[in-house]
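These protein sequence lines are chains A and B, in that order. Residue numbers 43 to 475, in the numbering used here, belong to the letters of the first sequence in order. Residue numbers 900 to 1042, in the numbering used here, belong to the letters of the second sequence in order.
It is worth saying that the hints were derived from the structure and are not from the lab. The structure presented is a predicted model; accordingly, all values stated were derived computationally and were not measured. Yeah, the Cβ is synthetic: ideal placement off N, Cα and C, and Gly gets one too. Heads up, a few of these hints could be off.
Said to hold, decoys possible - Stretches of chain B that chain A covers, calculated by requiring three or more beta carbons in the stretch to come under 8 Å of a beta carbon on chain A: (1) 905-918; (2) 935-943; (3) 964-970.
As the list claims (entries may be wrong) - Taking lysine-lysine pairs in the DSS-like style, the calculated list, with each CA pair at most 30 Å apart, reads: (4) Lys987(B) x Lys82(A); (5) Lys94(A) x Lys80(A); (6) Lys150(A) x Lys950(B); (7) Lys436(A) x Lys969(B); (8) Lys457(A) x Lys987(B); (9) Lys959(B) x Lys987(B); (10) Lys467(A) x Lys959(B); (11) Lys47(A) x Lys969(B); (12) Lys457(A) x Lys969(B); (13) Lys467(A) x Lys912(B); (14) Lys405(A) x Lys450(A); (15) Lys987(B) x Lys66(A); (16) Lys467(A) x Lys450(A); (17) Lys405(A) x Lys351(A); (18) Lys452(A) x Lys912(B); (19) Lys405(A) x Lys1027(B); (20) Lys959(B) x Lys452(A); (21) Lys421(A) x Lys959(B); (22) Lys428(A) x Lys987(B); (23) Lys125(A) x Lys150(A); (24) Lys912(B) x Lys82(A); (25) Lys1021(B) x Lys439(A); (26) Lys1021(B) x Lys421(A); (27) Lys901(B) x Lys450(A); (28) Lys912(B) x Lys450(A); (29) Lys950(B) x Lys421(A); (30) Lys987(B) x Lys421(A); (31) Lys85(A) x Lys125(A); (32) Lys101(A) x Lys66(A); (33) Lys439(A) x Lys428(A).
What the hints assert, rightly or not - Sample of chain A residues at the chain B side, in silico, Cβ under 8 Å: (34) Glu70; (35) Tyr114; (36) Lys117; (37) Val418; (38) Glu419; (39) Glu420; (40) Ile427.
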Amino acid sequence: MIWNKKMECAVPGDLKNIFSDRLKDIVEFIYQNNPLYKEKLDKAGVVPSDIKNIDDLSKLPFTTKDDMRISYPFKLFSSPLNKISEIHVSSGTTGNPTVVGYTKDDLKLWAEVMARTLCCAGAEPGDILQNAYGYGLFTGGLGLHYGALEMGLTVIPASSGQTKRQLKLMMDFKPRILSCTPSYVLYMAEEAREMGLDPRESSWEIGVFGAEPWSDLMRNEIEDTWNILATDIYGLSEIIGPGVAQECSYKDGLHIFWDVFYPEIINPDTDEPVEDGEAGELVVTTFTKQGIPLLRYRTRDIVSINYQKCRCGRTSPRISKIKGRTDDMIIVRGINVFPSQIEHVLLGIEGTQPHYQIVVDRKSGELDELEILVEVEEKIFSDEIKHLRALEEKIRKEIESVLGVFVKVKLVEPKTIERSMGKAKRVVDQRVL
Amino acid sequence: MKLTQISIFLENKSGRLYEACTLLGENDINIRALTVAESADFGILRIVVDKPNEALSLLKENGFASNSTKIVAVEVEDTPGGLSDILKVFSENEINVEYMYGFVEKFREEALLVFRFENTEKALEVLKKNHIKAITEGDIVDL
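The shape of chain A in the complex, shown without the other chains (with noise of 0.2 Å):
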């Protein structure tokens, strides 16, 4: 089913009277009620009343992860602290973390997303949704959690991890939809495997896998193991988490609902806009949102648009996969990893000059692994395994403590890790996507 027809399935000619409306509205609203916004459109000389349609988008500046960085906590937030209902935190480039506050309205239309969203992935009401995103800072698991309230399913808040816990819950509930991280499915085939299951015969018919990047050949692996329909969800808590876009059961593309939240494809070098149909950085503008919400806010994620109307009926354009990223982030069990985050634990080690790449793999069945090279020097050697593996342990423990998620540290020789142009390429990412 379809769950917002009217949004969903407009001809776009239709909608660009509410688009300008609605930029017109926000543009408004954050000017009026956020001094840190309102000096950044000054700078650019731009007044509200400049906007008087969608067209005049691209007179608006960018929002970038900076921004996000030097406004910690709250002073992007265009409501006061005391209209927000909830507050969710990701990881940030160095020190402070992303903060993203969602008034009650906000909440209201993360539901509405979010039932969007599982609507479109094939959900029906009366379904039982295994929701095995984590729940807490991280937006995966409570944003799924609204949405199937939303549209009137049944949720098993199974949260993340817990294997066999996740398998008995499976064999013995029977939920028809599996929400988690490509990775993750896979994983748990491995562990079903040595329960003696046989993956192909569970309940799931339906997964909603995201929050870490994955291509067509993983998906086929996915739909050949668990015998079931695999697809695409797309989101980031600085738009709102999950519920940004989502694939139907074609398959051909991420619908994106654009109704709230406006895409644009630009030339990260230029800005400027890529031809229809070419990759380019995806750019959200977000329309009713009133916590945090945000001009022309650029994810940094590489995509191309499709205009053309899908089979499914849906008119709303839709989005490719991931196809890369403008800086060095990555994505690893939905835990965003910038490496300055990693150089900054380096350098307050004692002696450690930050010479390190990180390594990225997935293996068969396994969850994504982070390995950190770090070329010992000098400074730090000793003719002692006993210091030398004390040294790996406290590298390890302090990353894992910044970033949340476990790491594999090994020290290598100095000069080892390959440089490009004298700078030390930081990130191999050797996953099989």
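Place chain B on chain A using the hints.
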């Protein structure tokens, strides 16, 4: 009475031990004693050579993480129980041995053992008191 030991960090991959030893060999540096300590991902090659200062700068120039440590080499009678006699002295005097290994060659018909002590100065005192001879840098060159 202390000798210089050179330690070299080696990643656990094929050819690294060979490369380190070749470098020393080509520069006419003779290895008198050696041992390799290992963990899962890396190893430490520890050597006693005839020209330690030269060896150390050579290794550093060639990108090996390396440093020098003071160790003590002791003559041990090459008969059953020879090592045990020495260790007894250490044990009775609460001298902690971090690690030890043997020389490649004999010295005046005696075996030569390298000791890395937790407290080198204290160990040397105990050796002296017990009339156990630690050999000198000069002895090494003459081997």
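Structure-based check of each hint:
{"no.": "1", "hint": "905-918", "result": "holds (count 5)"}
{"no.": "2", "hint": "935-943", "result": "holds (count 6)"}
{"no.": "3", "hint": "964-970", "result": "holds (count 4)"}
{"no.": "4", "hint": "Lys987(B) x Lys82(A)", "result": "78 Å, violated"}
{"no.": "5", "hint": "Lys94(A) x Lys80(A)", "result": "18 Å, holds"}
{"no.": "6", "hint": "Lys150(A) x Lys950(B)", "result": "77 Å, violated"}
{"no.": "7", "hint": "Lys436(A) x Lys969(B)", "result": "27 Å, holds"}
{"no.": "8", "hint": "Lys457(A) x Lys987(B)", "result": "44 Å, violated"}
{"no.": "9", "hint": "Lys959(B) x Lys987(B)", "result": "38 Å, violated"}
{"no.": "10", "hint": "Lys467(A) x Lys959(B)", "result": "23 Å, holds"}
{"no.": "11", "hint": "Lys47(A) x Lys969(B)", "result": "80 Å, violated"}
{"no.": "12", "hint": "Lys457(A) x Lys969(B)", "result": "27 Å, holds"}
{"no.": "13", "hint": "Lys467(A) x Lys912(B)", "result": "21 Å, holds"}
{"no.": "14", "hint": "Lys405(A) x Lys450(A)", "result": "15 Å, holds"}
{"no.": "15", "hint": "Lys987(B) x Lys66(A)", "result": "89 Å, violated"}
{"no.": "16", "hint": "Lys467(A) x Lys450(A)", "result": "18 Å, holds"}
{"no.": "17", "hint": "Lys405(A) x Lys351(A)", "result": "38 Å, violated"}
{"no.": "18", "hint": "Lys452(A) x Lys912(B)", "result": "13 Å, holds"}
{"no.": "19", "hint": "Lys405(A) x Lys1027(B)", "result": "58 Å, violated"}
{"no.": "20", "hint": "Lys959(B) x Lys452(A)", "result": "21 Å, holds"}
{"no.": "21", "hint": "Lys421(A) x Lys959(B)", "result": "12 Å, holds"}
{"no.": "22", "hint": "Lys428(A) x Lys987(B)", "result": "25 Å, holds"}
{"no.": "23", "hint": "Lys125(A) x Lys150(A)", "result": "14 Å, holds"}
{"no.": "24", "hint": "Lys912(B) x Lys82(A)", "result": "54 Å, violated"}
{"no.": "25", "hint": "Lys1021(B) x Lys439(A)", "result": "36 Å, violated"}
{"no.": "26", "hint": "Lys1021(B) x Lys421(A)", "result": "26 Å, holds"}
{"no.": "27", "hint": "Lys901(B) x Lys450(A)", "result": "38 Å, violated"}
{"no.": "28", "hint": "Lys912(B) x Lys450(A)", "result": "18 Å, holds"}
{"no.": "29", "hint": "Lys950(B) x Lys421(A)", "result": "23 Å, holds"}
{"no.": "30", "hint": "Lys987(B) x Lys421(A)", "result": "36 Å, violated"}
{"no.": "31", "hint": "Lys85(A) x Lys125(A)", "result": "28 Å, holds"}
{"no.": "32", "hint": "Lys101(A) x Lys66(A)", "result": "12 Å, holds"}
{"no.": "33", "hint": "Lys439(A) x Lys428(A)", "result": "16 Å, holds"}
{"no.": "34", "hint": "Glu70", "result": "59 Å, violated"}
{"no.": "35", "hint": "Tyr114", "result": "37 Å, violated"}
{"no.": "36", "hint": "Lys117", "result": "44 Å, violated"}
{"no.": "37", "hint": "Val418", "result": "4 Å, holds"}
{"no.": "38", "hint": "Glu419", "result": "7 Å, holds"}
{"no.": "39", "hint": "Glu420", "result": "6 Å, holds"}
{"no.": "40", "hint": "Ile427", "result": "5 Å, holds"}
Consistency with the previously given hints fails for numbers 4, 6, 8, 9, 11, 15, 17, 19, 24, 25, 27, 30, 34, 35, 36, ordered from lowest to highest.
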